[in-house]
Amino acid sequence: MPLDKLDNLVKIGQLKHEPPDKNEFDGMLASAEIRLNDAKIDGLSQDSKFTLAYGAAHALSLAAMRWHGYRSENRYLVFQCLEQTLGLETPKWRVLDQCHKRRNIAEYEGHLEIDPQLLNELIEITTELLGLVKDLNDL
Numbered sequence: 002m003p004l005d006k007l008d009n010l011v012k013i014g015q016l017k018h019e020p021p022d023k024n025e026f027d028g029m030l031a032s033a034e035i036r037l038n039d040a041k042i043d044g045l046s047q048d049s050k051f052t053l054a055y056g057a058a059h060a061l062s063l064a065a066m067r068w069h070g071y072r073s074e075n076r077y078l079v080f081q082c083l084e085q086t087l088g089l090e091t092p093k094w095r096v097l098d099q100c101h102k103r104r105n106i107a108e109y110e111g112h113l114e115i116d117p118q119l120l121n122e123l124i125e126i127t128t129e130l131l132g133l134v135k136d137l138n139d140l
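If you count by the numbering used here, then the sequence shown holds residues 2 to 140, one letter each, in order.
One or more hints might be untrue.
[To be verified] Distance windows between CB atoms, simulated:
hint, residue 1, residue 2, range
1, K102, D22, 14 to 22 Å
2, I42, E108, 36 to 44 Å
3, E114, D8, 34 to 42 Å
4, E125, K12, 30 to 38 Å
5, G132, R76, 16 to 24 Å
6, H112, K23, 37 to 45 Å
7, G70, E114, 34 to 42 Å
8, E19, K135, 28 to 36 Å
9, L45, N9, 16 to 24 Å
[Said to hold, decoys possible] Computed list of lysine-lysine pairs in PhoX-like fashion (alpha-carbon distance at most 25 Å, straight line):
hint, residue 1, residue 2
10, K23, K102
11, K93, K6
12, K12, K41
13, K102, K17
14, K17, K135
Don't read these hints as lab results, they were simulated from the structure.
None of these values were measured; they are calculated from a predicted model.
For every residue, glycine included, the Cβ atom is placed at its ideal position computed from N, Cα and C.
Kindly produce the complete structure, drawing on both the sequences and the hints.
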C-alpha cells in the first residue's frame, strides 16, 4: 500500500511519524475486539451498541496507523487514512466518518439519533477492520 498520502499529511503537520509500538498495537487490538464483541450483545440499547462499535472502529483504525509508523491527534483522520493503511474502500471509510460526525453531535450537543442501518454498517465494517488489522499483525 503506498503511503505517499500519509507522508504528505506529515509534511503539512496533520500526522506525525512515530515508530510503531507492539504493546500499544496489541492493546488497541484487544480493546477493539472486546468492544466489538460487546456491541453485538442482544439487549443493549442502540446508543450503547453504537458507542461500543464506534470505539472499536476508532481503536482499529488507530492501530493500523500506528502499525505503519504514524500518529494522528485528530480522531477523524484515522478513518480518512484507512484507504492507505488497510486498503479499505472509500465508501466504507466514509461510513465511519459519518459515524464520527454523529458521535461528535452526541458528545458535544447531547443529541444522538441512531439509524439502525448505519449501526449495522458500522458493526459490519468494524468486523472487517478487525480482520484486516489482525492480518497486519501476522505480517
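(request) Given the hint of 16 to 24 Å, check if G132 and R76 actually sit that far apart at their C-beta atoms. (result) The hinted range 16 to 24 Å holds for G132 and R76, with Cβ atoms some 22 Å apart.
(request) Decide if the proposed pair is consistent with the structure: K102 and K17, CA atoms, cutoff 25 Å inclusive. (result) OK: K102 and K17 at ~23 Å, within 25 Å.
(message) What's the verdict on K12 and K41, does the C-alpha distance respect the 25 Å limit or exceed it?
(response) violated, 40 Å
(request) Evaluate the given range 28 to 36 Å for the C-beta pair formed by E19 and K135. (result) violated, 22 Å
(request) With respect to the beta-carbon atoms only, verify the hint that E125 and K12 lie 30 to 38 Å apart. (result) Check passed, 34 Å falls within 30 to 38 Å.
(message) Tell me if the straight-line CA distance from K17 to K135 falls inside 25 Å.
(response) holds, 23 Å
(request) Measure nothing beyond the straight line between the CA atoms of K93 and K6; if it is 25 Å or shorter, mark the hint as holding. (result) Satisfied, since the Cα-Cα distance of roughly 18 Å is no more than 25 Å.
(request) Could you say whether the range 34 to 42 Å given as a hint is met by the Cβ separation of G70 and E114? (result) At 38 Å between Cβs, range holds.
(message) Assuming the hint says 16 to 24 Å, is it satisfied by the Cβ distance from L45 to N9 or not?
(response) violated, 40 Å
(message) Looking only at beta-carbon atoms, does the pair H112, K23 fall within the given range of 37 to 45 Å?
(response) Cβ of H112 to Cβ of K23: about 39 Å, so the range 37 to 45 Å holds.
(request) State, for the Cβ atoms of K102 and D22, whether the hinted interval 14 to 22 Å holds or is violated. (result) Because 29 Å falls outside the window, the suggested range is violated.
(request) With 36 to 44 Å as the target window, see if I42 and E108 comply at their CB atoms. (result) violated, 22 Å
Of the numbered hints given earlier, the model fails hints 1, 2, 8, 9, 10 and 12; all others are met.
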